[in-house]
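Residue numbers (this note's numbering), protein chains in the order written: chain A, 169 to 430; chain B, 81 to 288.
Think of the hints as simulated: they come from the structure by calculation, not from any bench. You can take every hint at face value.
Dumping the calculated SDA-like pairs for lysine to any residue here, alpha-carbon to alpha-carbon at most 25 Å: (1) Lys301/A <-> Phe94/B; (2) Lys304/A <-> Arg97/B; (3) Lys351/A <-> Val194/B; (4) Lys351/A <-> Pro197/A; (5) Lys430/A <-> Trp250/B; (6) Lys351/A <-> Val163/B; (7) Lys259/A <-> Glu207/A.
Computed, partial: chain A to chain B, Cβ under 10 Å: (8) Asn347; (9) Asn349; (10) Leu383; (11) Gly385; (12) Glu391; (13) Ala395; (14) Val399; (15) Thr410; (16) Ala414; (17) Arg417.
Derived, one-sided and incomplete: chain A residues facing chain B with beta-carbon distance under 7 Å: (18) Pro346; (19) Met384; (20) Gln396; (21) Asn397; (22) Ala413; (23) Thr420.
All C-beta atoms in this analysis are idealised placements derived from N, C-alpha and C, irrespective of residue type, glycine included.
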Amino acid sequence: MSTTAEAVQQAQADSGRKVHLIIERQDTPDSEPYWEEFEVPYRPGMNVIACLMEIQRNPVNKKGEPVAPVTWEMNCLEEVCGACTMVINNKPRQACSALVDKLQQPIRIRPMRTFPVVRDLVVDRSRMFEALKRIKAWIPIDGTHDLGPGPRMSSEEQQIAYELSRCFTCGACVEACPNVNDKTSFIGPFAISQARLFNMHPTGKMNKEERLQALMGEGGIFECGNAQNCVEVCPKGIPLTTSIAAMNRQVTYRAIGAWLRK
Amino acid sequence: MAVAQAAQHNREFFWRRLHTLSGVIPVGLFLLEHLFTNATALGGAAAFNEAVQAIQSLPLLHVIEFVFIFLPITYHGVFGLYVAFVSGYNANRYSFSRNVMFVLQRVTGIITFVFIIFHLWTTRFSGNAPSFDMVHELVTDNAYFAFMIVGVIAATFHFSNGLWSFAIHWGITVGRRAQRITAWVTMIIFVVLAAVGVASLIAFRMNV
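If we strip away everything but chain A, and leave its shape as in the complex, we get (with noise of 0.2 Å):
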């Protein structure tokens, strides 16, 4: 416990102290991006979102200019929405978990890539949406009449599904692997690890055949080269390539089945 002499003592030592912001900015989605150089007033416990806030309190770059406050999105600000995810210091992350005591500065702040860009930090993450609808994401109940309970789920794999359900689709996982490019049209990493998700619920294997389709189809799991930079950037620790496997596993064990079958 800290008396009120060390703490004032601290807040003194603080009041001086600046954070070094440099982030890379775009005005439109069109544009050109550039670097910008910020400091703002350290705050004992800030987290990237505050320094962001501060900057939109009194938007004035390093060289003391005026600017247009820094863009960015955020929701939950505690690490379960995604909104936030940009990349901190090369690692794609969420800004709201990410504590300026823990950084190294300065603090290099650049937007997910791989995404569209709209405005400085702020990117456009349909794809990963259109992803999980190709690979039919969800579980379907609805039907005329009621259908009663579904089949009971065993405790062991209610475990590896919890694990797998935290994924809330930040986007991390998508930024970090090399094959998600303009080359390609791979779904990510992501996307894989929730077919495997939704084919081991007792409800969700009777549309397995569909989603194994369409991991088999364009941009599927074949695009995947083993690079592994997913399971290291997860900010869940979801074990995205032993889902990859998993999954790739279930569509060997299609192809070489259904050609047996014809």
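Given chain A's structure and the hints, the job is docking chain B onto it.
Leaving out everything else, chain B in the frame of chain A:
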């Protein structure tokens, strides 16, 4: 319409899987056979010439060569160039060890592609009969010898690391632990094969 589209879509899946498969069977198997035939040179010129003679006496050698070596290696090489071209490279930003291996796999693939063309041109299609003396003559040249060493190391790395990737592509190694152990095993395979290849080259050069 939808069926035709589905068949169209699955085509790339098929070509991709054929690419990873051909790298192991038969191209990888041929690489092993080739390395061990060359290793007979460690037992002297006579032993190597005897091994060459045994291969030469196989029935339908030209058919075997064309169907099991030339076709698959050409497919694997040319399609591999396409794979290397559409891959992204970001190891400068994300320098995780597997990402570096991902880049090395593509780099060694391209080196091996060039190496094989040069290697075939100077041996198989040189018009000379295959013998210990022919190889000895070639590797006596320092530049040629150095290029052979680079080629052997690139090819054995590409094969060994490719085995690791193959096991994932086909859903053989699923868990993290299985993949980690396979990574170690395939690197041991690389060291052993590279050593066998380099030792054979030295034997050819020294002519003991």
